[in-house]
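> Please build the complex by placing chain R on the supplied structure of chain G, with the hints as guidance.
Single-letter residue listing:
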Amino acid sequence: MNGLLTLLVLLPLAGFLVNGLLGRRLGPVFVNIVGVGLPLAAFGVAVWAWRILETGGAEPLIETVFTWALIGDHAFEVSFYLDRLSAVMALIVTGVGALIHIYSIGYMKGDESYARYFAYLNLFLFFMLLLVLGRSLLVLFVGWEGVGLASYLLIGFWFQDVDKARAGRKAFITNRVGDAGFLLGMFLIFTAVGTLEMDQINQAFAGGLIPAGIATAVGILLFIGATGKSAQIPLHVWLPDAMAGPTPVSALIHAATMVTAGVYLIARMSGVYLEAPAASTLIAVIGLLTAFLAATIALVQTDIKKVLAYSTISQLGFMFLALGVGAYAVAVFHLFTHAFFKAALFLGAGSVIHALSGEQDIRRMGGLARRIPWTSGTFLVATAAIAGLPPLAGFFSKDEILWFALASGQGGSVWLWLLGSLTAFLTALYMFRLYWLVFLGRSRMAPEVAEHVHESPWPMTSVLVVLALFSVIAGWFALPHYLEGALPAPDLRFAWPILHWALILFAVLIAVAGVFAARHLYGNGGQRAEAIEQRFARIHRLLAGKYFVDEVYDRLLQRPWRWVSDRIFLRLGDRLLLDGSLHGLAALARRGAAGLARVQSGSLHWYAWMTLLGLVAVLIWMWRYV
Amino acid sequence: MDDTTLLLALSGLLFVLGLVGVIVRRNLLVMLMFLELMLNGVILSLVVFTQLLGAEAGAVLVFLVFVVAAAEIAIAVPILLLLVRTGHTLDPGAYAGLKG
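Same order as they appear, the protein sequences are chains G and R.
1 is the number of the first residue of the first sequence in my numbering; add one for each residue after it.
1001 is the number of the first residue of the second sequence in my numbering; add one for each residue after it.
So here's chain R without its partners, still in its complex pose:
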């Protein structure tokens, strides 16, 4: 089993770990963290393929994704704060009424 396969397996593992975490945990902050974990899994696979194919555009894309992820979390956390201020709980089930 060479390095590439190992790294890709790790990336898949990270993604699944994140997904399972999002599904089973009932705390919004923790769920956000697991989401980041899933994103990291995906980014890891992107990096691996960039190395494998020698495509520099891939490396640029990775930084782009980092920036977007940072922006995303910067918006998500304040939204969460506002939610908690009105609902006084971190349980997502309490906010099911937001489905519209």
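Chain G on its own, in the form it takes in the complex:
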């Protein structure tokens, strides 16, 4: 049916407008109906569109909405493009999005800006769908910036707290750095290819008409954009701070959907990256480094949401590793499974925080498993899924990534695989550390907090159950196989099934080893872990300080820039040159007027003198020149 994709995109926008304009007046019940109903409807429409796509034999649906601009021969059209890749993304965005909206009913209950919250959340969905469904890079970019805006608004949702408002600003500014790369990449593509429609760009690059140098430059520039949005080194610093927002926002935007936009972008532009092996290698290396370093930081964090934030960065690193070795579909597969278990983890964390009346420090938790069984059970399932225990979702996707890191014909190597496996081990370790510290062992809660521990209301727990269920079964969909037509797959360096099975076995062993290591270290009150902490105090400080990246940026970038802004732009440019010249002009006019005003003194004799002088001057002039 024509107009279906447009409807899909516009539904959340309608929710934003209605709730944003009228929500305060119409009350929470109405806000719920609009704010949750429309995302659910959008999910329904997404499923419908997906059915149409499948009955049409996976032939991409293209829907042109209007022509945005006509410049010379170039038409910039706003059109939507639904192939299997964008269908998967749209289903994740609307499906997980709708679930998190339902969860938010319980979590945000009683907040004074309830309507504003749902308005922003719907706005996010609108821009995310624009990003995922846009056919042209331009539409994708509008969505890209829009989700950045929504992210900024929601991180700083409780803006009365200055730290939270500042976290929002940090996210926004860090993303601008990446966006500069994205824009330059777009300009370069337009210069080289003459269009911004992504399917045509891929065809042009695959046709081999574009020089390899341009492909590499485009690849690196777009990847810079992706590092900003997807929090990869060196632009990862905003994501941990973004946890200042409400927890469902962290789950939806900063774990399941928005931060995966970079992965989607690179998968979508796979035609470019096939021609740019150097850029692909860079992606693999950066991705793996991010995965590893973020995992090490996650080992020692003490804030439940910070652990999950670094875990998100680490998992995104895994996805980029897969993209870098050419296994685009596998990256999307991990994106898919990660969306469920990470959303479950974040929402579980939100439920824990809710139960403990706002406590986020895992050193003051413990023993919660029996007090809040639903949260605990679903959290355990999601933890096992992200750790890669079979047969849960994370096992399948992570195992595929590690296999391609070793066996891909496009830059797979033993080193990538080794470091990736080590990171997988760390993943299991830090996730089960978290589980042990929060839910098992003895309670370390403050007595007044412990008294009030309560299971969350049904809108929250039911969503947790659904997400936990998907954390189990999401890996059973053979997504890479499903995406074969939409995304290229790499050749294998060696296609020995035995090796693949051995690697799977090894991956399982590693995950189990991580679990046992966590149990060994944190099982009996965490004394062993503390002993290690004290023994390697310097390493612990380095990790707890997040490698001091923020401090380095402060020294190297922020302070010089602040100096330049203050001295040159503010004092010299703004105050001295701009203000100074205008003030000077005004003062000149004022002084001139004051001088002339003195001529009109009111003294008749003075006027007569002036008349005489004038007469004499006229006479002299006439005598000389006439």
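Worth flagging that the hints you see were computed from the coordinates, not collected in a lab.
C-beta: ideal position from N, C-alpha, C; glycine also.
One or more hints might be untrue.
Selected chain G positions facing chain R (Cβ under 8 Å, derived; list incomplete) [to be verified]: (1) 187; (2) 599; (3) 600; (4) 601; (5) 602; (6) 603; (7) 605; (8) 608; (9) 610.
Positioned in the frame of chain G, the structure of chain R alone reads:
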């Protein structure tokens, strides 16, 4: 030096005399008189040129100027009277506040 030159010189002299009087005297009534003197100087030159060129329109203009001058003085003197009634002085410097 013929008559015309003499008469024109006289007219110029009258004008300058009037101007200098307006400038140096500090009495409004006297200043008005000197103003009339300046006007007479100008009118004298007008008459001389009318004779010289034989243009009758000039003679008419002279009477017109007389009428205007008479009307002008008829307005100026009452204004002066009103001023003096409030300010009690004929010194123009006392009325400098009227500059607006």
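> Give a verdict on every hint.
Verification of the hints:
| no. | hint | in the structure |
| --- | --- | --- |
| 1 | 187 | violated, 64 Å |
| 2 | 599 | violated, 10 Å |
| 3 | 600 | holds, 6 Å |
| 4 | 601 | holds, 7 Å |
| 5 | 602 | holds, 3 Å |
| 6 | 603 | holds, 6 Å |
| 7 | 605 | holds, 6 Å |
| 8 | 608 | holds, 5 Å |
| 9 | 610 | violated, 10 Å |
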